[in-house]
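Protein sequence lines correspond, in order, to chains X and V.
Each residue of the first sequence is one higher than the one before, counting from 93 in the working numbering.
Each residue of the second sequence is one higher than the one before, counting from 44 in the working numbering.
Check each hint, because a few of them may be wrong.
[What the hints assert, rightly or not] Below, computed lysine-lysine pairings styled on DSBU-like, alpha-carbon distance capped at 30 Å:
#: 1; chain 1: X; residue 1: 115; chain 2: V; residue 2: 225
#: 2; chain 1: V; residue 1: 160; chain 2: X; residue 2: 136
#: 3; chain 1: X; residue 1: 299; chain 2: V; residue 2: 225
#: 4; chain 1: V; residue 1: 225; chain 2: X; residue 2: 202
#: 5; chain 1: X; residue 1: 136; chain 2: V; residue 2: 225
#: 6; chain 1: V; residue 1: 65; chain 2: V; residue 2: 168
#: 7; chain 1: X; residue 1: 299; chain 2: X; residue 2: 202
Since the hints were derived computationally from the structure, they do not count as laboratory data.
Keep in mind the model is a prediction, meaning the values are calculated, not measured.
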Amino acid sequence: MALANRDLGAVVAELAAVIVAHKAWLSELDGRIGDGDHGANMAKGFARAADRVAGQDLTLGAALAILSDVLMGEIGGSMGPLYGVMFDDMAQALEGRDVIDIAAVDAMLKAALAGVQAMGNARVGDKTMIDTLAPAVAAFATHRDKGAEEALARMVAAAETGRDSTIGLVARLGRASRLGERSRGMLDAGAVSCCLILTALAGSLTKRLD
Amino acid sequence: MMQRFLNDPDDVVDETVRGFVKAHGAQVRLHPSNPRVVVSVDTPRAGRVGVVTGGGSGHEPAFLGYVGRGVVDAVAVGEIFSSPTANSFADAIRAADGGAGVAVLFGNYAGDTMNVKLATRMVAKEGIAVATVIANDDVSSAPLDERDRRRGVAGEILMWKIGGAKAATGATLEEVQAAAQKAIDACRSGGVGLAPCTLPAVGQPNFTIAPGTMEVGIGHHGEPGMRIEPLRAANDIADDMLRIVMVEHDLPPGASVAVLLSGLGATPVNELYVLYDRIESGLAERGLRVHRALVGNYFTSLDMVGVTLTVMALDAELTALLDMDCAAPAFGGW
Numbered sequence: 093m094a095l096a097n098r099d100l101g102a103v104v105a106e107l108a109a110v111i112v113a114h115k116a117w118l119s120e121l122d123g124r125i126g127d128g129d130h131g132a133n134m135a136k137g138f139a140r141a142a143d144r145v146a147g148q149d150l151t152l153g154a155a156l157a158i159l160s161d162v163l164m165g166e167i168g169g170s171m172g173p174l175y176g177v178m179f180d181d182m183a184q185a186l187e188g189r190d191v192i193d194i195a196a197v198d199a200m201l202k203a204a205l206a207g208v209q210a211m212g213n214a215r216v217g218d219k220t221m222i223d224t225l226a227p228a229v230a231a232f233a234t235h236r237d238k239g240a241e242e243a244l245a246r247m248v249a250a251a252e253t254g255r256d257s258t259i260g261l262v263a264r265l266g267r268a269s270r271l272g273e274r275s276r277g278m279l280d281a282g283a284v285s286c287c288l289i290l291t292a293l294a295g296s297l298t299k300r301l302d
Numbered sequence: 044m045m046q047r048f049l050n051d052p053d054d055v056v057d058e059t060v061r062g063f064v065k066a067h068g069a070q071v072r073l074h075p076s077n078p079r080v081v082v083s084v085d086t087p088r089a090g091r092v093g094v095v096t097g098g099g100s101g102h103e104p105a106f107l108g109y110v111g112r113g114v115v116d117a118v119a120v121g122e123i124f125s126s127p128t129a130n131s132f133a134d135a136i137r138a139a140d141g142g143a144g145v146a147v148l149f150g151n152y153a154g155d156t157m158n159v160k161l162a163t164r165m166v167a168k169e170g171i172a173v174a175t176v177i178a179n180d181d182v183s184s185a186p187l188d189e190r191d192r193r194r195g196v197a198g199e200i201l202m203w204k205i206g207g208a209k210a211a212t213g214a215t216l217e218e219v220q221a222a223a224q225k226a227i228d229a230c231r232s233g234g235v236g237l238a239p240c241t242l243p244a245v246g247q248p249n250f251t252i253a254p255g256t257m258e259v260g261i262g263h264h265g266e267p268g269m270r271i272e273p274l275r276a277a278n279d280i281a282d283d284m285l286r287i288v289m290v291e292h293d294l295p296p297g298a299s300v301a302v303l304l305s306g307l308g309a310t311p312v313n314e315l316y317v318l319y320d321r322i323e324s325g326l327a328e329r330g331l332r333v334h335r336a337l338v339g340n341y342f343t344s345l346d347m348v349g350v351t352l353t354v355m356a357l358d359a360e361l362t363a364l365l366d367m368d369c370a371a372p373a374f375g376g377w
């Protein structure tokens, strides 16, 4: 795998399109155990970022940095800083790289996880986006010597398994923790949006490999 | 279906801030470029430490009502029950900066903590020193040995008052931070909810409290309490709340306290005085003297029916700072 970083800015617009398309679903999931604004807030931030990167020739890192600025600066709440730092740290991991290869993706994913963990206090099992992100990042690292396509597919599979694991979990952080046992049986909206982002990222990279 | 005064529910925060600034123009102004930041007309003061807070909307008169002389210099305003953005916290910090640093005094919520952390990082690049104090006065939200997990509630108001007064004396950033920390460490709060609140954009209560019951230890956004039990007479509830907040106070007879009893939005004000009548008696029975009492809607939660009781232990320094002159919309005055 060796993609030119300067050609990849459009990946961020592709991520945004997926989030905007799933706005209603994310809000519905969040409304069952949270305050129901996850879809609207995420769609607002990603759509604004897509507007700002449109028509520009940007590296993936530069486009991720713009997405981060919008989420951190204009969205607020908890998801703004969590995703904002995640994309900022991903952008920083790509700094100075002309080529996006497996090592670059691995570094970017590890930076994503480290960023979210430094900002929030969630651990695997708390019914949050970390339940998707942590196993997905680990899966890519484990399978990176099998080639980009295989490693990305394993990452997506792990993200989906992680996302679905939140159904059986009791929320320990955030608004959903109010429900205690009653939060069991439902997906966590943050785990779902994180899975959408990782899946879209994998799709965007994979289709450019051919 | 409850009837409310609304236009487009999505505009409610902008309309609230605009109306607030129009109503209290003698004391506050809107930030020139950020419509989610409210600044005291008294701010900034060269060489003086700035005091900033912020939080989600729906708690009025918190947070913006405490902007004024000798209290808070600038406030960042979030969506309903949602943290302000890092940009808004950063703009509030910049507006409050008089060159001696800024103390950001806020409540222990995940979103606020993260956005203040980011804002601190942003203004550090510009050379503004920031010190933070995170309020955690709600005794029901976690056990004492996990105090860093406790939420901040109405005790924040006393923290702002003490921090703002200390800044007005010309103290250093470290001294303002220490005074605000001492203030919140001296506060214990507990809430009781009788009926839930409704977010304007959602239109229905986002949790339930069954008729005939009450939730003891409820949080400011409906976070779960310690227990749900049958609704009792006001005196029994007052006794229970006082017991809950006094458990961790080890005060000798003759000690002074400040008491803050705030309605959560839809409790008739007369009922607050019914509760306070009993609370004051309970404190007197313990040999404690109420140096200052604040009874009213000081920190609300939309239209929740309920109250929060805060008792603050006073020493000579806190008493002097609490008594210092100030002026802010939420503290009234003519």
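message: Please verify whether residue 299 (chain X) and residue 225 (chain V) have alpha carbons no more than 30 Å apart.
response: violated, 58 Å
- prompt: CA of residue 160 (chain V) to CA of residue 136 (chain X), is that 30 Å or under?
  reply: Answer holds: residue 160 (chain V) to residue 136 (chain X) is near 23 Å, not above 30 Å.
Hint consistency between residue 225 (chain V) and residue 202 (chain X) [alpha-carbon to alpha-carbon, up to 30 Å]: violated, 40 Å
message: Need the status of pair residue 299 (chain X), residue 202 (chain X): alpha-carbon distance at most 30 Å?
response: holds, 22 Å
message: Need the status of pair residue 136 (chain X), residue 225 (chain V): alpha-carbon distance at most 30 Å?
response: violated, 40 Å
- request: Starting from residue 115 (chain X), check that the Cα of residue 225 (chain V) is at most 30 Å away, please.
  value: violated, 44 Å
message: Next pair to validate is residue 65 (chain V) with residue 168 (chain V); report whether the Cα-Cα distance is within 30 Å.
response: violated, 34 Å
The structure fails hints 1, 3, 4, 5, 6 (numbered hints given earlier, in ascending order).
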